[in-house]
Amino acid sequence: MQSLERQRVLAFFVQPWRFGYAVLEGPNNLLDWGSKRFLKGPRAACIPFSVKVARLLSKWKPDVIVIKISHTTGTVRKTKIIEKEAEGLEIPVHLAHGRELNDAFPSLPNRHARAKFISASIPTLAGWLPQKPKIWQSEPYQMSVFDSVAVGIAYYRQRDRFPDVTVRSNSTLSIESFRRLVG
Amino acid sequence: MAAAKRLPHYLNTFRKRSGLSLNEIAHLLGNRDGAQFHRYETYQRVPPLDIAFALSAIFKVPIEDLFAGIRESAKADIPDRMAAVACSLKQREIQDRVVMRKLSWIADNHGPVEAESNAALCNH
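Heads up: the sequence lines are chains D and E, in that order. Here our numbering is used: the first residue of the first sequence is 1, the next is one more, and so on. Here our numbering is used: the first residue of the second sequence is 1, the next is one more, and so on.
A portion of the hints provided could be inaccurate.
Heads up, simulated DSS-like pairs for lysine-lysine below, C-alpha to C-alpha not over 30 angstroms straight-line [as the list claims (entries may be wrong)]:
#	chain 1	residue 1	chain 2	residue 2
1	E	K16	D	K116
2	D	K52	E	K5
3	E	K16	D	K40
4	D	K61	E	K5
5	E	K60	D	K61
6	E	K60	E	K16
7	E	K75	D	K61
8	D	K84	E	K16
9	E	K60	D	K59
10	E	K75	D	K59
11	E	K75	E	K60
12	E	K16	D	K61
13	D	K52	E	K16
14	D	K132	E	K16
Simulated from the structure, these hints should not be mistaken for laboratory data.
So here's chain E without its partners, still in its complex pose (with noise of 0.2 angstroms):
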């Protein structure tokens, strides 16, 4: 069974979950009123970085659970990039020490890429 799309994010509820006003929460962010916060909310602007750790400071909510839906789609697909990443750096004609470190890497922290499932992915 797939598990169901997470949304981008939950701010609108753990705003609600606290209480707070869009002006305060604006306040706790240093702008001057809820007119961003409140874009933020409804998916018209993605916060920067630096807003996404002040709002997870705020809701003491991890970021990961605050930006739920933006992070699993930010991570989809890294698997399949790394799998390309490590496809090219095998049909390298020199495969020196520099490329066996970076191939061991992606093994250690990837785990092991095969190259028939990704035959694909090495042409792009």
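Chain D extracted, bound-state conformation (with noise of 0.2 angstroms):
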């Protein structure tokens, strides 16, 4: 078991039309950050989605990996493909809900105020911050980063309360199917 504090984190939040994701080592300290969007029609199969992920795990070496669950199809997927990912280096995958980002954020009421703390308590982002969308406007592709390091601080802070999903033994996801989501 090691020290929480310096367990490296790589947190994602995966959208259906693109991921955020934040390497930390400890609450603040903010290793790496970014966000890529899945491309469509000729060009989405350049790079699959599952090889940006075995880039990163090969690159940040995470202990532990947390992803921001949603129920969307495209996002169901794609976490599967993470999951797979981390299964091959046998990292434990750790899955968020909503309700714990919330909880670990309490008195903060929506994401744009919840993306201004982050930028304030780690001075890296503060140049990502974007400006708040109006209700036409669509969202601003920064806020996956802010949404991703928030999943990750969110880890910190609540350890407890992630669910621990692999590594297991046996993945619910055959062969055959996973090489026709990649592929």
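Fit chain to chain and form the complex, with the hints in mind.
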């Protein structure tokens, strides 16, 4: 068992059209962050999602992976791909629900307030904080970075509440269905 | 609880925090392009000492924080090896002034060496 504060956590916030990731070594020590789009059309197969995840795992060698659960069709599939990649490297995966995120930041009413709080506590991200979008505007891509950082911080704050999903020996995802998803 | 294993270095993290590109860092290091620094970042090459000090000066980070994992792994074996050296010194037949001075330096800087716990190391 490793000291929680020093665990290297790779947090994912997966949305149907993009995913954000953050690598943390302690709640205030952000090592890497980013947001990547899921391309559609002919460019979709250029770099499959599984390859992007595998690169992140091999680069940062996380002790734990935390994924924000969403029940949208595309995101469930992507979450399983992350779990599969983590399983190969025997990295434990924890799933975070919305309520864990809300409980980790109790006084913050919405995602933008949370992003503002995170940019104040991690000055590196101050330049990434987007303007609060109007109701008719689309979500700024930087929000997925702040959401993934929030997932990582929530893990540090409320470790006991995160259900452990892997490492499990019998994956529910067969090789055929995995190939279909990736390919 | 054991501490998590640190990465060999945090060059990518500090470069990303600075916002500088590979080519800009290469220019600061006096290189032609960012290819060599990319090799350092991706663990394909270990930067030489002069580059390590230059990077420490560029990022304004102590070298032991920048290369935390390398530092930890380099330090990890020193106590055992020091014990082995002390043990071999103690086993010498002639305990002259030079040997005593070495042993006293080891004891002052690295603590007393217990012969029982390092019996295996003495045989190396």
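- Kindly indicate which numbered hints from before are broken by the structure, ordering the numbers from low to high. none
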